[in-house]
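Protein chains: 2
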Amino acid sequence: MQHKTATSSTAIHDILNRRWSGRAFDASKAVSREQILSLLEAARWAPSCFGDEPWRFIVWDRNSDPVAWEKAFTCLGEWNQDWVKNAPVLLLATANTVFRKNGKPNVWGQYDTGAASENLCLQAVAQGLMAHQMGGFDADMVRREFEIPEQFTCMAMIAVGYQGEETVLNDELRELELAPRNRSALGDNFFEGYWEKGIKTS
Amino acid sequence: MQHKTATSSTAIHDILNRRWSGRAFDASKAVSREQILSLLEAARWAPSCFGDEPWRFIVWDRNSDPVAWEKAFTCLGEWNQDWVKNAPVLLLATANTVFRKNGKPNVWGQYDTGAASENLCLQAVAQGLMAHQMGGFDADMVRREFEIPEQFTCMAMIAVGYQGEETVLNDELRELELAPRNRSALGDNFFEGYWEKGIKTS
Chain C
-3 MQHKTATSST AIHDILNRRW SGRAFDASKA VSREQILSLL EAARWAPSCF
47 GDEPWRFIVW DRNSDPVAWE KAFTCLGEWN QDWVKNAPVL LLATANTVFR
97 KNGKPNVWGQ YDTGAASENL CLQAVAQGLM AHQMGGFDAD MVRREFEIPE
147 QFTCMAMIAV GYQGEETVLN DELRELELAP RNRSALGDNF FEGYWEKGIK
197 TS
Chain E
-3 MQHKTATSST AIHDILNRRW SGRAFDASKA VSREQILSLL EAARWAPSCF
47 GDEPWRFIVW DRNSDPVAWE KAFTCLGEWN QDWVKNAPVL LLATANTVFR
97 KNGKPNVWGQ YDTGAASENL CLQAVAQGLM AHQMGGFDAD MVRREFEIPE
147 QFTCMAMIAV GYQGEETVLN DELRELELAP RNRSALGDNF FEGYWEKGIK
197 TS
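Those protein sequences? They're chains C and E, same order as listed. The C-terminal position of the first sequence is numbered 198 in the numbering used here, with every residue numbered one higher than the one before it. The C-terminal position of the second sequence is numbered 198 in the numbering used here, with every residue numbered one higher than the one before it.
Please keep in mind that the hints were generated in silico from the structure rather than gathered at the bench. Check the hints yourself; a few may be wrong.
Claimed, not checked - List of simulated lysine-lysine pairs, BS3-like, C-alpha gap at most 30 angstroms:
hint : chain 1 : residue 1 : chain 2 : residue 2
1    : E       : Lys67     : C       : Lys193
2    : C       : Lys196    : E       : Lys67
3    : E       : Lys97     : C       : Lys193
4    : E       : Lys81     : E       : Lys67
5    : E       : Lys97     : C       : Lys196
6    : E       : Lys25     : C       : Lys97
7    : C       : Lys67     : E       : Lys196
8    : C       : Lys25     : E       : Lys193
9    : C       : Lys97     : E       : Lys196
10   : C       : Lys67     : E       : Lys193
11   : E       : Lys100    : C       : Lys100
12   : C       : Lys193    : E       : Lys81
13   : C       : Lys0      : E       : Lys67
14   : C       : Lys193    : E       : Lys25
15   : E       : Lys193    : C       : Lys81
16   : C       : Lys193    : E       : Lys100
17   : C       : Lys196    : E       : Lys81
18   : C       : Lys100    : C       : Lys81
19   : C       : Lys196    : E       : Lys25
20   : E       : Lys196    : C       : Lys25
Generate the whole structure from the sequences, applying the supplied hints.
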């Protein structure tokens, strides 16, 4: 079992620090219904433009509905299936393209949905779970299989479960699992006062 | 001083619970440089598709560069200016439209940037600060004023500072400040197994 904390130059909150996208799930441990509800509650309380809550999530719990879980699983790319097979819970995050209140285009739909998913992933950390978001799925297939209206954009699938031993992974994935987390230098993406004036950390 | 916790049916983590978008800032309290760096670090460690880190943020600190802060402030809508005038720190979150590594369109750019901004807002809570995201700004103006390349979409401006007394707000804003937070019922946006099959909370 490993913890990959962020190597940040200044302190950040524990659950932000400990969140990372691992792939070694423990297939033997189910996620309780109460835990699933807390994950969704966390997403529910994310902020959104005009309070429109543009996100819609579907959750599939292998424990309570293996048929639906399997249908969702088949929408994943082969490379992801190889490790998601051990994750007891799958989710899909979709973003409304229009505002609920007036039907006009909502340019913040995906941005706000990203915030809701991040809340969900952080809540997973708080509950001792691991959540891993994926872009690698067949968006047309999941739309077709679950009759998702065109009005909603399928953004990410998310695998959730308890962390397992990295020995459940194949060699390639295990190497990724054990590699340190890394990010660009702070000043590469965070500017001070002016575009591309990288912020100095000292 | 008020705390508006989420009224969720199941427990969620404290910093997710306490995050809300207040408007009553204390103009007399600056945010330290170390605090600003921690906010940015929190955003830096958000997840992103292929680890591309599509977000770019500009931070304006009234305390260290009042001229640049003022220039950013003028890009806000009048309604927002009325309360943001008390916020010592402003930020702009922008999303890369293409992948850094190969220049191809990145359909997760806005989604991932939303996650980074949420991390920043949660870190603000952890530090005893308040962060409030806004879509109400002139995106063309901020692009022009700060020479932001077309490749990046201007998503949100964010006001950060210490919470102040709600008496700093005008009547209309004070009413909003004191109103309870609310969200749609969980089952309206969170489905179980199938589209629009709202999850049951009991």
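TODO: Below or equal to 30 angstroms on CA atoms is what counts here, so check Lys97 (chain C) against Lys196 (chain E).
DONE: Holds. Lys97 (chain C) to Lys196 (chain E) sits at ~24 angstroms (cutoff 30 angstroms).
TODO: With a cut-off of 30 angstroms on the C-alpha distance, tell me whether Lys193 (chain C) and Lys81 (chain E) pass.
DONE: Since the Cα atoms of Lys193 (chain C) and Lys81 (chain E) sit roughly 24 angstroms apart, the hinted pair holds (cutoff 30 angstroms).
Open item on the list: Hint check: Lys193 (chain C) vs Lys100 (chain E), CA-CA at most 30 angstroms. Holds or violated?
Closed with: holds (25 angstroms)
- [ ] Would you check the hint for Lys100 (chain E) and Lys100 (chain C), treating anything up to 30 angstroms between C-alpha atoms as holding?
- [x] holds (28 angstroms)
TODO: Given the hint that Lys97 (chain E) pairs with Lys196 (chain C), test it: the Cα-Cα distance must not exceed 30 angstroms.
DONE: Holds, because 24 angstroms separates the two Cα atoms, which is no more than 30 angstroms.
Task: Proposed proximity, Lys193 (chain C) with Lys67 (chain E) (alpha carbon, max 30 angstroms) - done: holds (16 angstroms)
Open item on the list: Need the status of pair Lys193 (chain C), Lys25 (chain E): alpha-carbon distance at most 30 angstroms?
Closed with: It holds: about 25 angstroms lies between the C-alpha atoms, which stays within 30 angstroms.
Task: Restraint status (C-alpha distance of Lys25 (chain C) to Lys193 (chain E) at most 30 angstroms) - done: holds (25 angstroms)
Open item on the list: Next pair to validate is Lys196 (chain C) with Lys81 (chain E); report whether the Cα-Cα distance is within 30 angstroms.
Closed with: holds (26 angstroms)
Open item on the list: Would the hint linking Lys193 (chain E) and Lys81 (chain C) be met if the CA-CA limit is 30 angstroms?
Closed with: With a Cα-Cα distance of about 24 angstroms, the restraint between Lys193 (chain E) and Lys81 (chain C) holds, given a limit of 30 angstroms.
Task: Distance restraint between Lys97 (chain E) and Lys193 (chain C), which requires alpha-carbon spacing of 30 angstroms or less - done: holds (21 angstroms)
Open item on the list: Run the distance test for Lys196 (chain C) versus Lys25 (chain E): straight-line Cα separation, threshold 30 angstroms.
Closed with: holds (22 angstroms)
The structure does not agree with the numbered hints 6, 13, 18 stated previously, though it agrees with the rest.
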